[in-house]
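K.L.:
Using the sequences plus the hints, can you model the full thing?
Numbering (my numbering), first residue to last: 1 to 668.
Read the hints as simulated data drawn from the structure, not as lab findings. There could be a bad hint or two in this list.
[What the hints assert, rightly or not] Have a look at the derived ranges for each label pair, beta carbon to beta carbon:
no. : residue 1 : residue 2 : range
1   : 299       : 571       : 43 to 49 Å
2   : 651       : 349       : 44 to 50 Å
3   : 107       : 507       : 33 to 39 Å
4   : 53        : 98        : 24 to 30 Å
[As the list claims (entries may be wrong)] Derived lysine-lysine pairs resembling DSS-like cross-links, with alpha carbons at most 27 Å apart:
no. : residue 1 : residue 2
5   : 207       : 508
6   : 379       : 207
7   : 636       : 623
8   : 636       : 612
9   : 256       : 243
10  : 379       : 199
11  : 207       : 107
12  : 321       : 256
13  : 612       : 408
14  : 321       : 381
15  : 130       : 107
16  : 508       : 199
As the structure is a computational prediction, the values presented were derived from the model and not from experiment. Ideal Cβ placement from N, Cα and C applies to all residues, glycine included.
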Amino acid sequence: MAEKDQVKPLASPATHLRSDDDQFLPPPAKLRLHRNKYIMCSGCFAALLLILAVIGIVLGFTVLHIKTPDLKIDKLSFSNATSNGGVIIVASVFVRNPNVASFKYSKATTVIYYHNEMIGEGETSGGEAKAKDTMTMNVTVEIKAEEMDEGLSLMEDLKSGGRWIIDSTTGRRVKLVCVNWPSHTQSMLIEGLNHRPLKELADEAIKLRFNCVRLTYATQMFTRYANRTVEENFDLLDLEPAKAGLAQNNPFVLNKTIAEAYEAVVDVLGESGLMVIADNHISQPRWCCSLDDGNGFFGDRYFDPQEWLQGLSLVAQRFSKKSTVVGMSLRNEIRGTNENANDWNNYVTQGVTTIHNINPNVLVIVSGLNYDNDLRCLKEKPLNVSTLDNKLVFEVHLYSFSGDSESKFINQPLNNICANIINGFVDHAEFVTKGSNPFPLFVSEYGYDQREVNDAENRFMSCFTAHLAQNDLDWALWTWQGSYYYREGQAEPGETFGVLDSNWTQIKNPNFVQKFQLLQTMLQDPNSNASFSYVIYHPQSGQCIQVSNDNKDIFLGNCSISSRWTHDNDSTPIRMSSTGLCLKTNREGLMPSLSTDCLGPQSSWSAISNTKLHLATIAPNGKSLCLQVESSNSSKIVTNSCICTNGVPNCLQDTRSQWFELVKTNTL
1 MAEKDQVKPL ASPATHLRSD DDQFLPPPAK LRLHRNKYIM CSGCFAALLL
51 ILAVIGIVLG FTVLHIKTPD LKIDKLSFSN ATSNGGVIIV ASVFVRNPNV
101 ASFKYSKATT VIYYHNEMIG EGETSGGEAK AKDTMTMNVT VEIKAEEMDE
151 GLSLMEDLKS GGRWIIDSTT GRRVKLVCVN WPSHTQSMLI EGLNHRPLKE
201 LADEAIKLRF NCVRLTYATQ MFTRYANRTV EENFDLLDLE PAKAGLAQNN
251 PFVLNKTIAE AYEAVVDVLG ESGLMVIADN HISQPRWCCS LDDGNGFFGD
301 RYFDPQEWLQ GLSLVAQRFS KKSTVVGMSL RNEIRGTNEN ANDWNNYVTQ
351 GVTTIHNINP NVLVIVSGLN YDNDLRCLKE KPLNVSTLDN KLVFEVHLYS
401 FSGDSESKFI NQPLNNICAN IINGFVDHAE FVTKGSNPFP LFVSEYGYDQ
451 REVNDAENRF MSCFTAHLAQ NDLDWALWTW QGSYYYREGQ AEPGETFGVL
501 DSNWTQIKNP NFVQKFQLLQ TMLQDPNSNA SFSYVIYHPQ SGQCIQVSND
551 NKDIFLGNCS ISSRWTHDND STPIRMSSTG LCLKTNREGL MPSLSTDCLG
601 PQSSWSAISN TKLHLATIAP NGKSLCLQVE SSNSSKIVTN SCICTNGVPN
651 CLQDTRSQWF ELVKTNTL
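P.N.:
This is how it looks when you write it as C-alpha cells:
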C-alpha cells in the first residue's frame, strides 16, 4: 500500500517534491521551483479576482441594481364630506416592484398643493412590495374645510389648446370622461332621485372613474317653467310613487322650483368632484329625438331661435359664478328636413357669442347637422369665433344605428362595416382635430345596451372603442340612468343603455370596469416628456396584452399594468419595451413567444385588413397568422389563421377575437 505522501515516479521535481526537500536542491532547480510556485499563486489569485468580478457584475445588474418602483394612479375618488365640512380624497395606486428582491417602505406623508398652497395632507402606512410583483395601495388625504375658502375651486377653468382641452391655470391636459345624466324629459328633474340620494349616486360615478356629467336640460325649463316646483310638476304627471321616493331619498328638491332644482343638482355633483356640462338637449321637456318632433332645427314649430337664445342666456347667467359648470353645449342633435348649413352657421355663431359674453369661463360646445353626426359644413364656412378666447369645442354623436340600420353589423362583413364607420367618422367630424387650426372634439354621446344582448351593438362598440382609444378622444357615455320617472306616456320605464340597473342599486354590466378601463385613462399627455410606446388593446374585452414575469406566457390583463411595446411600421418587429425581446409566432394555434430572433419573417408584424385591427405575421410554413384570443373563456393569446382579412364580400364571421389596436401612450 502506498503512503499518503507517495508521489508519481514520472512527475517533475517541481510537482512531487515537498517543501522541506528544497534545501537539497541545487540553486538553479530551487529558483525554478520558487518561480513555478509564484506563477501558480498568481494564477490562482487572478482567477479569484476574475470570479469575484463576474459575481460583482452579475449582482450589479440584478440584485444590487436597484430600479425605481413604478407608481401609477388607477383611480381617484371623492368621498362624503367630513364632519367638519372637509373632503376626503382617496387615490388607488398601483405599485410595481421591478427588482428581483422585495423591498420595504415606511410610513409616508402625502400632501396636496393648490396654487402653491398646501390644502390637505394624509398618511400612508408602510408595507412590503414583493419581488417582480404589483400591489395596490390606497392613499387617503383630507382637505380641511378651513382651507376651502371662497376663492378655492377644485374644478378646472378649461380652454381649448389645439386639439386638446387643457387647464387654463396649469396648461396641462384635462381629459373629459363623462356620463350623460338626463334632466330634459317631462319630469324636468335629473333622473333617479326617487331611488337613491343624489350625493350617493354622484359618488358612485366618481368611483367608476367618471369625472364629469353631461347634464341635459330643455330650453323651456328656464324660459317657461322655471318657477314651477318639482312637487307641482310631479303632481301634474300623476307620479305619486316617484314623488314618495323623492321625499324619502332627496326631500330637498320637492319644494324647489325647476330652475332651482337644476342648480342644486349641479352643486351636489360638484361636491363629489364631478365637472358638469350643461347640455341644451331640446326645446320642449320631452323625450328626444325624432325627425318630426318640431324641436329639430331653428325655426321649427317648437324651436324658436329667440327663445333658445334666451334660454342660453339664463343658464349662462345662473352658472357664471359656479366653477362646477365647465362647459355649455349649444344644442343637441340638430336635425330635420329644414336643416341647412347657412342657418346653422348664423344661429350657432349667435349662440356661441351669447354664452361667451355672459360667462367667458366655460367651454362652448357646438354640434353639427344630421343628429350631430356631421360637421362638414365647417369645411365650406368656418365659424367666425376669433373673439372666443380658446373656448370652442366641437361635439359629435355615434351609435350602431347612426346613418342606417344597425343590422349592417350582422348582415355585412364586419371588417368592411367597421372600416366604413371609422372612415366616415373621420371625414364627417374628426377632421376638426387636424390641420393648421385644430379644435378639440368631444364625443358627447355613444353607447350600447349594457346587458350586451344586442350583437350588432356589441360589434359597433368594439369597432368604435378601438378608435376612441387610439386617438384618446374626450367622451360622454350614453347613459347613467337605469330608468326614467316618465317617458313617452309610461311611468318608470327602464333604460337598457344605462350603466345602472333599473333599481339604481348596481351596475348593469358586470364587465363594465374592465371594458372601460383604458378609455377612461388619459393616454396622451402633450405636456409630458416621457417617450411614447404602445399597449396592445383588445377592444372586445377592454383588456391589453401582458407578459408573465418569466416571459413565458402572453395573455390579456389590466391595461394599467400591461406590457409596453414598440413598433416602427408594418413588416417590422413588435418589441417589448426596455428588453431585447420581440413577439415571434410559432405554429398555428400556439401561443407566440418572446424571442431574441427579431429579424426573421416570424417576428415581422403588420396591421392588415381594411380595419387595420388584425396584427399578422408569417408562420414557418409560409401561412399568414393573426394574433387572437384563444376563446371567450380564456385570456391566453395565440396565433391563428386570419379571419375575413381579404375583403371577401360574403365573409360574415365575427372577427373581434382577432381585433387588436396598437394604442399610443406616454402616460402608462
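K.L.:
Take the hints in turn and mark each one as holding or not.
P.N.:
Structure-based check of all given hints:
1. For the hinted restraint 43 to 49 Å between residue 299 and residue 571, the CB-CB distance of approximately 56 Å leaves it violated.
2. For residue 651 and residue 349, the hinted distance range of 44 to 50 Å is satisfied, since their beta carbons lie about 48 Å from each other.
3. In this structure the supplied range 33 to 39 Å holds for residue 107 paired with residue 507, their Cβ-Cβ distance being about 35 Å.
4. For residue 53 and residue 98, the Cβ-Cβ distance of about 25 Å falls inside the hinted range of 24 to 30 Å, so the restraint holds.
5. The straight-line distance between the Cα atoms of residue 207 and residue 508 is roughly 15 Å, inside the 27 Å bound, and the hint therefore holds.
6. About 40 Å separates the Cα atoms of residue 379 and residue 207, which puts this hinted pair outside 27 Å; it is violated.
7. With a CA separation close to 21 Å, the supplied pair residue 636 and residue 623 stays within the 27 Å bound.
8. Only pairs whose Cα atoms come within 27 Å are accepted, and residue 636 paired with residue 612 is accepted, the gap being roughly 22 Å.
9. Distance restraint check for residue 256 and residue 243: the Cα-Cα separation of roughly 13 Å lies within the 27 Å cut-off, and the hinted pair is therefore satisfied.
10. For a cut-off of 27 Å, the pair hint linking residue 379 to residue 199 is broken: about 43 Å separates their Cα positions.
11. Restraint check for residue 207 and residue 107: the C-alpha separation of about 26 Å stays at or below 27 Å, so the hint holds.
12. Simply put, residue 321 and residue 256 have alpha-carbon atoms about 20 Å apart, close enough for the 27 Å limit, and the pair holds.
13. Between the alpha carbons of residue 612 and residue 408 the distance comes to roughly 19 Å, so the proposed pair stays at or under 27 Å and holds.
14. With a C-alpha separation of about 34 Å, the suggested pair residue 321 and residue 381 falls outside the 27 Å cut-off, and the hint is violated.
15. Pair hint residue 130 plus residue 107 holds up; C-alpha atoms about 17 Å apart against a cutoff of 27 Å.
16. Proposed proximity of residue 508 and residue 199 is supported: the alpha carbons are some 20 Å apart, at most 27 Å.
Hints 1, 6, 10 and 14 from the earlier list are contradicted by this structure; the remaining hints agree with it.
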